[in-house]
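J.: So you can see what is in the structure, the chains are spelled out below.
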Amino acid sequence: MNFFVGYLVGIWYAVRRMKMWLLLYSITLLFGITATLAIPDILGAGLSDTLSAHKLMEGFNHTVFDDFIHDHGQKLSVVTGRLPLMAFIFILLFVWLTGGILKTYDMIAEKFTFQRFWAGCMQYGWLLTRVFFLFLFIHLLVAFLVYLPMIRVVRSGFEALENELSFYRILKISVVVHLVFAVFIAMVSDYVKVRLVKEGRKSVFKELLPSVRFVFRHFHRTFPMYLMYLLMFVLVAMFYWWLSERIGMQTMSAILVVFVLQQLYIFFRVGTKLMNLGSICAMHEAILLRDRKREQPLEIEEINV
Amino acid sequence: MRRTVLWFGVILLANSLFGQATIADEPLSDRIANYDIDVILDHENRMIRGKQTLTWTNPSSDTIRTLQFHLYLNAFKNSQSTFLSKSSREFPGSLKAEDKETWGYSEIVKFIDQHGTEITSNLQYIQPDDDNTSDQTVIELTLDKPVYPKETHQFKLEFQAKIPKIVARTGYGRDYYFMVQWFPKLGVYEPAGMRYAEKGQWNCHQYHSQSEYYADFGVYNVRITVPKDMIVGASGIFESGNINDDGTRTHVYRAEDVIDFAWTASPHFQEVKDKWEHVNIRLLIQPEHKEHTIRYIKAAKQALSYFKKHLGVYPYTTLTIVDPPIYGIRSSGMEYPTLVTGASIAKLPNAIRTVEIITVHEFAHQYFMQMLASNEFEEPWLDEGFTTYFENRIMDQYYGDQTATIDLLGYRAGGMEQSRTSYTGMRNPQIAEVFRPAWGFKHGGYNSLAYHKTCTWIATLDNMVGREVMDDILITYFERWKFKHPCGQDFIDVANEVVSKRHGEKFGVNLDWFFDQVLYSNEVCDYKIHTITNNLITNKIGFFDQEGEKVFIESREEVEDSVYNSVVIIHRLGQAKFPVDILVRFDDGTEVLEHWEGIDPTYELNYTGSKKIEWAHLDPESKNLMDLNLNNNSKRVERDTDVVWKYTSKFMFWVQNLITTLTVLI
Numbered sequence: 001m002n003f004f005v006g007y008l009v010g011i012w013y014a015v016r017r018m019k020m021w022l023l024l025y026s027i028t029l030l031f032g033i034t035a036t037l038a039i040p041d042i043l044g045a046g047l048s049d050t051l052s053a054h055k056l057m058e059g060f061n062h063t064v065f066d067d068f069i070h071d072h073g074q075k076l077s078v079v080t081g082r083l084p085l086m087a088f089i090f091i092l093l094f095v096w097l098t099g100g101i102l103k104t105y106d107m108i109a110e111k112f113t114f115q116r117f118w119a120g121c122m123q124y125g126w127l128l129t130r131v132f133f134l135f136l137f138i139h140l141l142v143a144f145l146v147y148l149p150m151i152r153v154v155r156s157g158f159e160a161l162e163n164e165l166s167f168y169r170i171l172k173i174s175v176v177v178h179l180v181f182a183v184f185i186a187m188v189s190d191y192v193k194v195r196l197v198k199e200g201r202k203s204v205f206k207e208l209l210p211s212v213r214f215v216f217r218h219f220h221r222t223f224p225m226y227l228m229y230l231l232m233f234v235l236v237a238m239f240y241w242w243l244s245e246r247i248g249m250q251t252m253s254a255i256l257v258v259f260v261l262q263q264l265y266i267f268f269r270v271g272t273k274l275m276n277l278g279s280i281c282a283m284h285e286a287i288l289l290r291d292r293k294r295e296q297p298l299e300i301e302e303i304n305v
Numbered sequence: 001m002r003r004t005v006l007w008f009g010v011i012l013l014a015n016s017l018f019g020q021a022t023i024a025d026e027p028l029s030d031r032i033a034n035y036d037i038d039v040i041l042d043h044e045n046r047m048i049r050g051k052q053t054l055t056w057t058n059p060s061s062d063t064i065r066t067l068q069f070h071l072y073l074n075a076f077k078n079s080q081s082t083f084l085s086k087s088s089r090e091f092p093g094s095l096k097a098e099d100k101e102t103w104g105y106s107e108i109v110k111f112i113d114q115h116g117t118e119i120t121s122n123l124q125y126i127q128p129d130d131d132n133t134s135d136q137t138v139i140e141l142t143l144d145k146p147v148y149p150k151e152t153h154q155f156k157l158e159f160q161a162k163i164p165k166i167v168a169r170t171g172y173g174r175d176y177y178f179m180v181q182w183f184p185k186l187g188v189y190e191p192a193g194m195r196y197a198e199k200g201q202w203n204c205h206q207y208h209s210q211s212e213y214y215a216d217f218g219v220y221n222v223r224i225t226v227p228k229d230m231i232v233g234a235s236g237i238f239e240s241g242n243i244n245d246d247g248t249r250t251h252v253y254r255a256e257d258v259i260d261f262a263w264t265a266s267p268h269f270q271e272v273k274d275k276w277e278h279v280n281i282r283l284l285i286q287p288e289h290k291e292h293t294i295r296y297i298k299a300a301k302q303a304l305s306y307f308k309k310h311l312g313v314y315p316y317t318t319l320t321i322v323d324p325p326i327y328g329i330r331s332s333g334m335e336y337p338t339l340v341t342g343a344s345i346a347k348l349p350n351a352i353r354t355v356e357i358i359t360v361h362e363f364a365h366q367y368f369m370q371m372l373a374s375n376e377f378e379e380p381w382l383d384e385g386f387t388t389y390f391e392n393r394i395m396d397q398y399y400g401d402q403t404a405t406i407d408l409l410g411y412r413a414g415g416m417e418q419s420r421t422s423y424t425g426m427r428n429p430q431i432a433e434v435f436r437p438a439w440g441f442k443h444g445g446y447n448s449l450a451y452h453k454t455c456t457w458i459a460t461l462d463n464m465v466g467r468e469v470m471d472d473i474l475i476t477y478f479e480r481w482k483f484k485h486p487c488g489q490d491f492i493d494v495a496n497e498v499v500s501k502r503h504g505e506k507f508g509v510n511l512d513w514f515f516d517q518v519l520y521s522n523e524v525c526d527y528k529i530h531t532i533t534n535n536l537i538t539n540k541i542g543f544f545d546q547e548g549e550k551v552f553i554e555s556r557e558e559v560e561d562s563v564y565n566s567v568v569i570i571h572r573l574g575q576a577k578f579p580v581d582i583l584v585r586f587d588d589g590t591e592v593l594e595h596w597e598g599i600d601p602t603y604e605l606n607y608t609g610s611k612k613i614e615w616a617h618l619d620p621e622s623k624n625l626m627d628l629n630l631n632n633n634s635k636r637v638e639r640d641t642d643v644v645w646k647y648t649s650k651f652m653f654w655v656q657n658l659i660t661t662l663t664v665l666i
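For the record, the sequence lines run as chains P and C.
Under the numbering used here, think of the first position of the first sequence as 1, with each following residue one higher.
Under the numbering used here, think of the first position of the second sequence as 1, with each following residue one higher.
Chain C on its own, in the form it takes in the complex (with noise of 0.2 Å):
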């Protein structure tokens, strides 16, 4: 009776659940930007031709007299934008001068305002983050009438775009296409008090080749239409698909609160459909790369398990999972709504877990940057480092904390670790604070910084409060955000109310001198275990009156009641300071845990007694993991040379292997 019960409402659910992209009976979002968007895909000439209706909230008591749009694609246009012209280094001849159809553009060719009027000579193009005038990748537009406080207009516009070979993340190779940022995206429009808005504001920036995107929540329409041959994969749900007379197909979507819509064509896909709980897991995956299926399905589902039970369940219906070709790996590894491009190729073994973590990291997002809808140009840290804080959590849960990202041939890493190593063996890790927009990093540093030096400093917050409240922080910051445009000040406020709710003050009145240290300042923290002395004190040295005569004892020999001044010394190398842990071990096998604030240069232990120290260890449960070097956070009084003659050996055999192949040429 119960498993009938069970089974009825499980049909009732699926029943309520068909046709929608969210599980939601209400709008989870203030859909504040809603698109209906009708595109065409000219596949000989590389254009789309759209349509669009963008319905759009003024979310402010502001009277707003301007609109401010991304075209993306505008990056592309030519060598002087923004993106290319302060990226040669990344780009390199992808975009070929000497051909044409390798580079790409975007325009709106009409716009009509609520009123009927067409205002598309009041289009400007503006450069808010720099002064190149030549990049095109942000446009004004000065409304005839203006959009009163909490007033709903609805524009309607046509644009076009050349489609540019896939450079990063967006483009055509060959016949697979992969349509991201390709429509007028309207900028965020924030109110004063919004984020760190001091006035209301457009957020509106310029496309950077780290940047990535920040758009409001809403509702999309989408239509696409195609060559027939053509399998179509795109944000939302799939809600109909009609054959034209001219031999294309029009596909139609929707998606729901959301910030994006992204689209991606090829007629090489194959579709894989599976289900995890109540939503639909679409993977499109290249023939040459099916061996590789069931890696991406058994990831995705355990990346939607794991975020169920530490954060949130996963509202949408759908997950698209696109795994690009080798002529279009430049789309890999990126996240939108909804959908993801995941990335691999062919015999790519499975000791290597790039399918696993590509395909955890970009569903995290759907969390980090979708849902919690921060702005990733501003304040990249917020979705990177998140995101791949929990990428680790849940590729070291799956496969192991020293297997997660590789274990091959006796080579193995784990995935926390490695991010770890990433920050901290970076050749200046303090070239620049967490704190910066994606294009600050002018000199390098975003990859490290961004993603791995925040996902280092979150599991050190997780390690400081316990993964319990760590936990709580994450979940109060996701529900109290969720389909909002949380800052990253909202996070350290939601960090300190539920630390202090949890711990008091064990960690001080708040935790800002953490986030002070780890996010605005580009301080390294390094805490050394500089010596251990065990110093013998005789009981007797020096002259002694006996029997009335000066008798002059010089015995330093140890004997069985002998006392000894043991003394640990610790540096702090590093500007950083973090209250540690120091447990020490002495020659009866006995230990003591001393705790030191962290704050001076050096610090001293000071015993003394009958024991000698056998070993200081700073730290020992590993919880600081901003240290850079965690070798240094040990000393023994004796030296274990064990390691050393293993590896020396190692090394000359290969060195004598190396030597004694080479005669081969002999």
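Pulled out of the complex, with its shape left as it was, chain P reads as follows (with noise of 0.2 Å):
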């Protein structure tokens, strides 16, 4: 299976599971409304009866913005300052619904149940748990030995540099570096995380080793296949932002259209995660048949030796 095919099959996984892909989106959704639930008060209060929103409509108006802020900013904060721990809520839930994810696509050919779902968030939460907590310390272990020079020039007030170019070049690389380690950390975390379902193991630690090998010997398939993600997601971003700035929020009706389109791209970058997931699934599956049929033959030869 080159790239380009595992990136297809990826799609078609995502695809073939659209009950799991809407159930993914809803729980998104059902963040974003609990999230969002005070903001039509906080708002209609400060901005509903007076003529200033008009300005606000046409598009950012600094005036009418920080005269709310000063007024209702304290309420915002409440909101916002919520955030973080419903990130946090978000992400633990998430890894619990990956288990669910990998079952399904682990047993792609038979039907889909919720309840098969369930039972591999169930079956796998705490496994795929632990994998997230490992990652997420490899993240921040890399990204502070990456930026740490950059940390050092700016505790020492740029004396170290001749001028401030000299700081971005040292940003560019650590940026150009973070981003090829952070790649290659999330694309060895998916195998891992594959791995331990398809194959039923138990040890995130040992499962470590394989995968990074496993990436490595297959990187020109895996990397390739990341990148079509990556492309893809930025297009469909760009087209988003293009359209959304085309229509405009200045009529009740170009508001609706625009959520419409908000929720679709949400609901696209759902489903980029489960084609990327779908894609490693297939793409491991195929290399792993290939190897045991290479493997097969040797063994017949050493019996008859």
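Mixed in with the good hints there might be a few duds.
Claimed, not checked - Derived pair list, reagent style SDA-like, types lysine to any residue, alpha-carbon separation capped at 25 Å:
(1) P:Lys273 / C:Thr663
(2) C:Lys650 / P:Leu83
(3) C:Lys623 / P:Arg217
(4) C:Lys100 / P:Lys55
(5) P:Lys55 / C:Gly410
(6) P:Lys55 / C:Glu239
(7) P:Lys103 / C:Thr661
Simulated from the structure, these hints should not be mistaken for lab results.
Given the structure is predicted, the values throughout are model-derived calculations rather than measurements.
Put the two chains together into one complex, using the hints given.
T.: Dropping the structure here:
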């Protein structure tokens, strides 16, 4: 299986599991609504009966916005203050849901049932939580190491640098290096998860090295497949931005249209995660099958000897 | 023919201006304190050594027996100076205790009076502002022989200074030097009646972290000797440059009718020369900031042009703009006569207009503090507030009133509106009144009040009296007080005079009620449309006699000839009182403009008729920018929820975006 086929199969996996896709989107929507519940009241109290509001309909207006924030900013900060906790809960929930996703992908030929999905969540939830925290630690460690020179430069008050261009160079290099590492770590993390679920392993640490080896050995497949999803995401994001800017949000009907667009975009983003996991499952399985086929004749020869 | 004559005139003018520091044939100021200085930069030891001749005229009818000098660099002598000990939060770690090269000081090593007598031993540090005996930023000299009224004396002194690392405004950063307040500088002797002086007195304040400067006008002839590879910029005009045998170069500058002299040196400067009418613009820019050259020059020309049109022509023939490097960034955004520092960093997007804002702002100081030489220690609002006001006028005109400061990725803000919100958005806009000395803002608010509140009330005054009258006030103030030392009351007097001449008693006998509130008190202004009600008055309700019987009529239904009692209730939430217009719109499309003096805590507008109120708008032209909340200045009867749903959907979308983005970690 080459990377492009892997990419297409990932999309097919996600489409085939449309119910699961819808479920995950609905959870995202539910979190969005929960976080936003207080917003209409706060905005309504400050903006619904003032004539200044029309300026915000035309676009951003510093005066109206700042006066609003000065008057209602505390209420807003209560809402935004809850977001980190909500995001953390969402991540933990999604980690558990990933177990269900991988379980249903492992049985892609069979008909989707929520029963099997939830069973997967329960079966692999704790295991994948450990994977998540391990890789979160690795991500943070790598980020710290990569940005350490930059942090030292900032702390030294730019003493060590010729000028800010040197700082930008360090920043650029740091970001690129970090991105390369982050992508690689994310890929390894995905293959660890797939190996744990598909091969029924229990030790997170034992799967680390084989996964690294797997990603490296098949880099010409695994990496371009990642890039394809990245490219697809960038293209769709740009298209969304272009379209929503053209429509604007200056009338109620335009607001409704953009709202639908926004939700379609979020639906797609959730789907991207599912597609990516689908591709990884398919790629892993295809390579594993191929390797096993190669190994079989060897065993026969050995018996003959 | 006409063109030839014109060109001939231009050439004549250019020739006549060549070598002149100003466009005037006569002195522009009374030239009270004049300096001839020879200064040598010892780059290796971060020292300067200078010889200075001060020619000073006693402007008063007093016999003067002491002189007071600023030794500003002593602010960086040790941690006990008033500057550093009272601004620990502002300069953390900038002057490192373990690195003596970062500290600096200044001292007069020899002082010889008019009669050739050395009187160095008569020098004594004084602390006129606080009892901090460790502060050595002001030194007093007791003269052996006094200076009699109107008499001119010449004093010769030698000084040396260790240059501090740039903490604020002055010092060095690697091989970049920004030398301001570097020489022993005489204070201002204020005769009785000048500004707020009740009797003749020296005005020579200590150096505080927020305070700037105050000095008399004069002529400066300065010879600056630096390593020959260094490029030098300075106040005034460049007269000559000679290479010395020891590998140094002496740059000779002359500045006339100025209150100060600043210079800078660095081997890295790239020099860009341009011209606007009679002004030679010289930009000394860091190579890594070259991309901003056009931005600097364009902004300078816009400011020159705007001031010529709205206040008065810039009389000097030079303007030097210094672009500091990142390691000298703390010298950025400063103003000295004919020399200002900009602020930029490489790759700064054009949509963030820091380069333009700082250039325009610092240039505006050429008028407010340089030509109108107010006391920056005692009345910082008088230079910073007016400068900010002009900065915003210029920026809003050339870059858009909603995009003048930033216009990036949908976020945008104009100059005047950003100044207003810098004041109205303060956590405590009542923390102090504007009329305070710079060091009086002990618990914060200096920037928001001296710069932005002042700018906001000047803009409010502008809106009230009209731009034409406002310009008349400003031009009168400028013409009357240029090359002198005006105080706040002088501006108020001019404003009262011009407004009463142009508007009669439209705004009262004078504008003192306005200045009392915005300048001398910390009161805030906030008017609010509290409620609007449209109550139906039914023609018939209750018992009515009909054919000998009492009939109860209870219909409240609206009929064609329904009559409404419509009421608008307005609250004054702040203590400040401003007259205010109220525009009321009815459902038949008609509008009524009402006026309220804004004195009582509440006010009511009452209408009875067949039409209902649709909305009411206080100060519909947004003249009163001092109002803390402009959103509550209007109210509509029917709520419009479009904006609520627009931003609710945006908020939800970004939350969903955020959490789905985080799934990359899973």
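J.: Does each hint fit the structure? Answer for all of them.
T.: Okay, the hints, checked on the actual structure:
{"no.": "1", "hint": "P:Lys273 / C:Thr663", "verdict": "holds, 8 Å"}
{"no.": "2", "hint": "C:Lys650 / P:Leu83", "verdict": "holds, 15 Å"}
{"no.": "3", "hint": "C:Lys623 / P:Arg217", "verdict": "violated, 71 Å"}
{"no.": "4", "hint": "C:Lys100 / P:Lys55", "verdict": "violated, 56 Å"}
{"no.": "5", "hint": "P:Lys55 / C:Gly410", "verdict": "holds, 14 Å"}
{"no.": "6", "hint": "P:Lys55 / C:Glu239", "verdict": "violated, 55 Å"}
{"no.": "7", "hint": "P:Lys103 / C:Thr661", "verdict": "holds, 23 Å"}
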